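Chains X and L are the protein sequences, given in the same order. Residues in the first sequence are numbered from 10 upward in steps of one, following the working numbering. Residues in the second sequence are numbered from 10 upward in steps of one, following the working numbering.
There could be a bad hint or two in this list.
Since the list can't tell identical chains apart, any single copy or any two copies may satisfy a pair.
Stated by the list, open to error - Within a straight-line C-alpha distance of at most 16 Å, the following computed EDC-like cross-link-like pairs (lysine to aspartate or glutamate) qualify:
hint : residue 1 : residue 2
1    : Lys74     : Glu94
2    : Lys262    : Glu280
3    : Lys137    : Glu48
Treat the hints as calculated values from the structure; they're not laboratory data. Keep in mind the model is a prediction, meaning the values are calculated, not measured.
There are 2 protein chains.
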Amino acid sequence: MTEYRAPEQDVVISSRVRLARNYRDIPFAPQMNQDWSGETIRRVNESMKDQQGDYRLVRIAELNKSERNQLVEHHLISYDLLKFEQFSAALISSGETVSIMINEEDHLRIQGLLPGMQLERAADLAFKADDVLGADGNYAFDTQWGYLTSCPTNTGTGMRASTMLHLPALSAAGQVSAVLQTVSKLGLTVRGLYGEGSDAKGNLYQLSNQVTLGRTEEDMVKTLIAATAQLADHERSLRETVREDDSMSMLDKLMRSVGIMGHARLMSSAEFMQRYSDLRLLAAMDIVDASLSEMDQLMMDLQHGSLNVRAGEKMSGQERDVYRAELLRDYIRGIATK
Amino acid sequence: MTEYRAPEQDVVISSRVRLARNYRDIPFAPQMNQDWSGETIRRVNESMKDQQGDYRLVRIAELNKSERNQLVEHHLISYDLLKFEQFSAALISSGETVSIMINEEDHLRIQGLLPGMQLERAADLAFKADDVLGADGNYAFDTQWGYLTSCPTNTGTGMRASTMLHLPALSAAGQVSAVLQTVSKLGLTVRGLYGEGSDAKGNLYQLSNQVTLGRTEEDMVKTLIAATAQLADHERSLRETVREDDSMSMLDKLMRSVGIMGHARLMSSAEFMQRYSDLRLLAAMDIVDASLSEMDQLMMDLQHGSLNVRAGEKMSGQERDVYRAELLRDYIRGIATK
């Protein structure tokens, strides 16, 4: 294996920390208007202009629907940012590890995003941007309550930390709901790939802190790291059990997926997520030699909006399934000849 | 396409002519015993010893179960020959185009077998051996009834002619049973891959003459050739209709089969026959570049008995599925890199 892997990337897809912040002298979301939203965007741009990272400003109103979805699919903005399309924007670093959503539910949602188990580094990225943006001391902050936010559930630290986990063995063993119960006792919650209410497509689960108040940021990150590590170990041990007890059936099932990905002419989004999960498991277990980072990137690139953007047009469902299958065949050929 | 193809091999797998003959001075099957069966075998051997074709004599009693099945799977002997195992034998030409079954239901069953639509040549092969074997004038023959046989349904010409057809488009269109009715009016019958009572695995159908009495051999061959040609044209036109109307779904379905064949770790016999049918259709339609003859050979080689013989041991069902999958992956790799 020559691939560089992020820490614990065999199970952990990515680590994310998001901070909610508001300016004290600008009305909160319910009273937002064109003038104030322009001022928020101006301030963020001004604060960050000398920072490293080659940031680009994206105004949601200037994007078509596919381009908006592409940003959501790549976890650079939230679905909610699209709700405020006349006001909202995002400042995104070229490496896409830092993204500052502007005029979502709060004036600022500062996000640090890294592959694998790198929650502390993701927090560092977010807090570094936070320090710059809040340097003037003009955040809405209360010494008793902490950071004030549009929705009270975010008040306090304003922080939401999350890890995205790939749990095919736990899913196959039907143990995910049991895990959910355990995890909720730690003040954590489990969601699907694209946040609240989304399905766990591709056996991907997002683990995040539920509570923002009454605990320090450091404490929350530590709790999440510990829970993630425990889940990852559980997943790994189940994978090894299957490998030892029933390796031929497992290999057969997973390798068939690779064969289908390399030959199908039509590939729906739902089927793709299942096959991606199979391939990722093979690569994570070092059975197939393929980069996990590339695979996770491809997974986002083959979602609806991203495919439309790549094709340069809005495609029909069938056209998208044809195009997805075509890109997938190219990718699998690339693995096979490596 | 550089492959040499037998005539109409895109639809017609093989052509076969089989002649039933008995010696007048040896008791028929119900009275057969060790001495007489030895005499039959001796006579056949003696008659054919100077003939071209490098014949080998196979005594059924000397073969294990897998070796017996291998000969059936390759259509060199019938299942029925195994019923008379203490007496029966076969003399098989090295090219496997002529096979003389000895002490089956009749003393002799002389078979000519060729790939594709070559019924007249297959008949020539059988009649050439028949001329040699009957040169002494000692066949049981009646001027009114013709060749006398153990079972009256074979009396007369003693000939059964058949073609093996690959009819995936007709099967998919649900038109096979309608075709059956039409064909029976011509005195023809349709069976599965391994004769009477066998399923049409792999969408393979054997078309043969039902009646042996009251028509000349030439007439029967002509009828079968005409019916085969009509069925083949019907199959071809349906294939083209699907290609024009729904080529993407068709390609998707068929190519997925190729992908699965190239990657599966477990392959049952039943699944293999379906996937072979898909691959054969792709090759017949010049979508995939692969030899039809090689593919049809492989189809026989991957049946139960043949696999055991190749492995040199009697395998369990699971072991056979693993071995079949392994040989299939090798074969698909060979196609892909051609």
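Right, here's what the structure says about each hint:
1. Lys74 with Glu94: Answer is within; shortest intra-copy Cα gap is 11 Å, inter-copy 75 Å.
2. Lys262 with Glu280: both (14 Å within a copy, 14 Å between copies)
3. Lys137 with Glu48: neither (22 Å within a copy, 99 Å between copies)
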